[in-house]
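Q: As they're listed, the protein sequences go chains A and B. Quick note: the first sequence uses the working numbering, first residue 1, plus one each step. Quick note: the second sequence uses the working numbering, first residue 567, plus one each step.
Take these hints with a grain of salt, some might be off.
Interface residues of chain B toward chain A, partial, derived using beta-carbon atoms under 8 Å [unchecked claim]:
#: 1; residue: F581
#: 2; residue: I590
#: 3; residue: T628
#: 4; residue: N653
#: 5; residue: L663
Derived from the structure by calculation, the hints contain no laboratory data. Backbone N, C-alpha and C define an ideal beta-carbon position, used for all residues, glycine too.
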Amino acid sequence: MSIGKGIASIALGLAAAAFSISPSFADAISGAAEKQGLNIEAIVMFGVFVGLTLVITYVAAKRTKSASDFYAAGGGITGLQNGLAMAGDYMSAASFLGISGLVFATGYDGLIYSVGWLVGWPIILFLIAERLRNLGKFTFADVASFRLDQTWIRILSAIGTFAVVAFYLIAQMVGAGKLIQLLFGLEYLHAVVIVGTLMIIYVAFGGMKATTWVQIIKACLLLFGATLIATLVLIKFHFNPEALFTEATKVHPKGVSIMGPGNLVKDPISAISLGLALMFGTAGLPHILMRFFTVADAKQARRSVFFATGFIGYFYILTFIIGFGAIALLMNDPSFFKDGKIVATGLLGGTNMAAINLAKATGGSLLYGFISAVAFATILAVVAGLTLSAASAVSHDLYASVIARGRASEKSEVNISRISAIAIGILAIYLGYMFEKINVAYMVGLAFAVAASVNFPVLVMSMFWRGTTTFGAFVGGMLGLLSSAVGVVVSNEVWVKTLGNKEPFTLFGYGMLDNPALYSMAAAFIGIWLFSMLDRSASANKERDSFDAQFVRSETGIGASTAHVH
Amino acid sequence: MQESAYHSIAENPKFKELVRSRTIFAWTLSILMLAVYQAFILLVAYKPGFLATPLWAGSVATIGIPIGLGVIVFAFIVTGIYVGRANTRYDDMTRELVQEITK
Numbered sequence: 001m002s003i004g005k006g007i008a009s010i011a012l013g014l015a016a017a018a019f020s021i022s023p024s025f026a027d028a029i030s031g032a033a034e035k036q037g038l039n040i041e042a043i044v045m046f047g048v049f050v051g052l053t054l055v056i057t058y059v060a061a062k063r064t065k066s067a068s069d070f071y072a073a074g075g076g077i078t079g080l081q082n083g084l085a086m087a088g089d090y091m092s093a094a095s096f097l098g099i100s101g102l103v104f105a106t107g108y109d110g111l112i113y114s115v116g117w118l119v120g121w122p123i124i125l126f127l128i129a130e131r132l133r134n135l136g137k138f139t140f141a142d143v144a145s146f147r148l149d150q151t152w153i154r155i156l157s158a159i160g161t162f163a164v165v166a167f168y169l170i171a172q173m174v175g176a177g178k179l180i181q182l183l184f185g186l187e188y189l190h191a192v193v194i195v196g197t198l199m200i201i202y203v204a205f206g207g208m209k210a211t212t213w214v215q216i217i218k219a220c221l222l223l224f225g226a227t228l229i230a231t232l233v234l235i236k237f238h239f240n241p242e243a244l245f246t247e248a249t250k251v252h253p254k255g256v257s258i259m260g261p262g263n264l265v266k267d268p269i270s271a272i273s274l275g276l277a278l279m280f281g282t283a284g285l286p287h288i289l290m291r292f293f294t295v296a297d298a299k300q301a302r303r304s305v306f307f308a309t310g311f312i313g314y315f316y317i318l319t320f321i322i323g324f325g326a327i328a329l330l331m332n333d334p335s336f337f338k339d340g341k342i343v344a345t346g347l348l349g350g351t352n353m354a355a356i357n358l359a360k361a362t363g364g365s366l367l368y369g370f371i372s373a374v375a376f377a378t379i380l381a382v383v384a385g386l387t388l389s390a391a392s393a394v395s396h397d398l399y400a401s402v403i404a405r406g407r408a409s410e411k412s413e414v415n416i417s418r419i420s421a422i423a424i425g426i427l428a429i430y431l432g433y434m435f436e437k438i439n440v441a442y443m444v445g446l447a448f449a450v451a452a453s454v455n456f457p458v459l460v461m462s463m464f465w466r467g468t469t470t471f472g473a474f475v476g477g478m479l480g481l482l483s484s485a486v487g488v489v490v491s492n493e494v495w496v497k498t499l500g501n502k503e504p505f506t507l508f509g510y511g512m513l514d515n516p517a518l519y520s521m522a523a524a525f526i527g528i529w530l531f532s533m534l535d536r537s538a539s540a541n542k543e544r545d546s547f548d549a550q551f552v553r554s555e556t557g558i559g560a561s562t563a564h565v566h
Numbered sequence: 567m568q569e570s571a572y573h574s575i576a577e578n579p580k581f582k583e584l585v586r587s588r589t590i591f592a593w594t595l596s597i598l599m600l601a602v603y604q605a606f607i608l609l610v611a612y613k614p615g616f617l618a619t620p621l622w623a624g625s626v627a628t629i630g631i632p633i634g635l636g637v638i639v640f641a642f643i644v645t646g647i648y649v650g651r652a653n654t655r656y657d658d659m660t661r662e663l664v665q666e667i668t669k
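Construct all of the structure, not just a fragment, from the sequences and the given hints.
A: Here is the structure:
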């Protein structure tokens with residue numbers, strides 16, 4: 001077997017394992033997607049969106065001259081705009097269609113899931129946001145390597161970035177391909193190529209300026225569309241939630257049990273581990289962290305998180321209403337189900353399509369087309385943000401700092417970034433095509449585990465603890481990476497259910513966790529602490545001595561790179 | 567700025583007070599958020615029946631719904647509380663500190 005094939009089959013094996021905390025969510029996303037007929041309204045509205053974003057990209061490209069323009073949109077984005085753009089980065093099609101589909105299939109469990117996705121945002125604000133803005137310039141590695149060794153810490157941060165982006169990007173590409181296949185009646189490969197090509201154009205030509213505006217427009221469209229469907233649902237029930245719930249429990253095959261927790265959480269330790277991955281993983285996502293450098297100062301950085309949290313929280317509340325609306329309004333109409341049989345999984349297009357089918361039921365083919373186009377726009381914006389962060393890790397962290405050792409010109413750095421964006425885009429199309437059968441929700445969970453176990457500990461320890469040294473951060477970060485990767489392989493889902501092995505061992509009566517964050521985060525933090533303590537080199541002492549300068553700047557912004565507003 | 571200048575700022579009582587008060591505030595809110603979320607998850611794991619209790623006699627809506635939505639709203643409120651205090655009190659303290667140093 002060739003190496004490529006071997007890796008592919010291992011990855012597929014991993015992927016076949018469901019994100020077991022949420023089996024129904026995973027099924028919802030990975031469920032078979034059958035091609036639908038051409039959807040003219042959706043294609044026209046999507047065409048308008050693409051046309052508009054291409055115009056924005058053209059204008060942004062003409063105005064993108066410096067590295068600051070390319071990586072940080074010139075630093076002139078306001079807190080409100082950045083909050084919308086962050087929400088745009090975060091509200092993926094998986095959260096829109098996946099969570100409303102999960103509510104549709106299981107009721108209350110969908111709410112438990114969405115709560116987990118929101119709680120990381122306050123943590124970003126309290127611990128990360130303003131310090132990141134005060135210390136960094138373009139990437140989170142600027143901050144982690146502020147007083148540590150540029151070469152080693154940037155290599156570590158780049159590895160962390162690539163791992164997170166790879167898992168997340170493949171998940172989004174596959175989700176995109178399936179959705180477009182469903183919504184627009186296109187071939188899977190064509191769909192993946194279209195997404196990849198547009199994302200390359202946005203990022204390579206328009207940089208952060210174009211990416212930011214694509215995010216903002218997408219966030220507004222998504223919030224508007226979701227508000228519209230939720231309002232139409234509430235109007236049908238005279239704005240009385242009890243009437244909505246009553247109707248939903250009457251028509252749902254699971255009856256009143258949808259009003260309480262089902263089997264989403266099976267054991268508390270696994271639940272806590274997943275909770276940690278979600279809470280701290282959000283604070284380690286490179287494309288989210290990068291957005292903090294697009295605002296002028298710490299104050300705008302704080303405001304960004306405030307608005308982002310508000311928009312995302314509001315959006316999750318809407319998906320809850322939409323999910324229940326889909327139960328109440330679709331489950332009494334056999335025409336929305338395969339063979340007219342009313343079971344959640346029998347919904348036309350799969351449970352994933354609850355919001356889309358509901359749009360048709362409440363607003364006819366026009367709203368159906370609009371929501372389909374919004375779902376596509378949502379994916380495009382998310383993949384553009386991810387690609388930009390990976391391209392920046394190549395050009396700003398690896399090329400400019402590690403290879404050229406700070407002697408690269410701004411122009412060559414930006415050119416490397418553009419070329420990287422094209423290469424990453426092509427790679428993403430290829431991987432998206434290769435991994436068509438992958439389990440999307442599981443890959444996203446993995447991305448969060450790596451973000452929580454590598455990027456987050458390195459960032460937090462270098463910012464808050466004087467004792468952190470390069471050696472400690474590098475070894476600890478690698479321990480976090482390895483333990484999260486190994487943890488995934490020996491998890492119940494992969495080791496036992498997918499690979500068919502016996503349970504390796506049990507601890508206090510619990511098997512292996514499904515999400516490794518609990519111990520991989522511990523490994524990273526303890527590793528950084530221990531190996532920093534053991535580090536008695538002269539360079540380590542110098543790094544500890546420069547903590548004051550970093551700390552003063554991180555806490556007050558004195559000496560921080562100021563914004564370049566045009 | 568020279569490294570020695572940073573050392574002297576780090577020793578400045580105003581700086582120390584700013585960092586002390588903001589650090590306590592930020593970590594308190596972080597732990598509060600973590601506790602509220604993990605309490606919710608533990609409730610789901612250990613007391614699912616409690617969350618499924620009707621909100622009032624005969625209602626279909628359950629206690630779990632305001633609790634779940636409450637966690638979302640709580641996350642938004644604590645970010646608001648932090649931003650409100652940071653944009654006024656902590657920014658004022660920072661400005662005073664900067665004025666004192668640059669005098």
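Q: Could you run down the list of hints and mark each one as holding or not?
A: Now the hints, each set against the structure:
1. F581: holds, 7 Å
2. I590: violated, 11 Å
3. T628: Hint on T628/B: holds, closest Cβ of chain A at ~5 Å, below 8 Å.
4. N653: Since the shortest Cβ distance to chain A is 6 Å, the answer is holds.
5. L663: holds, 6 Å
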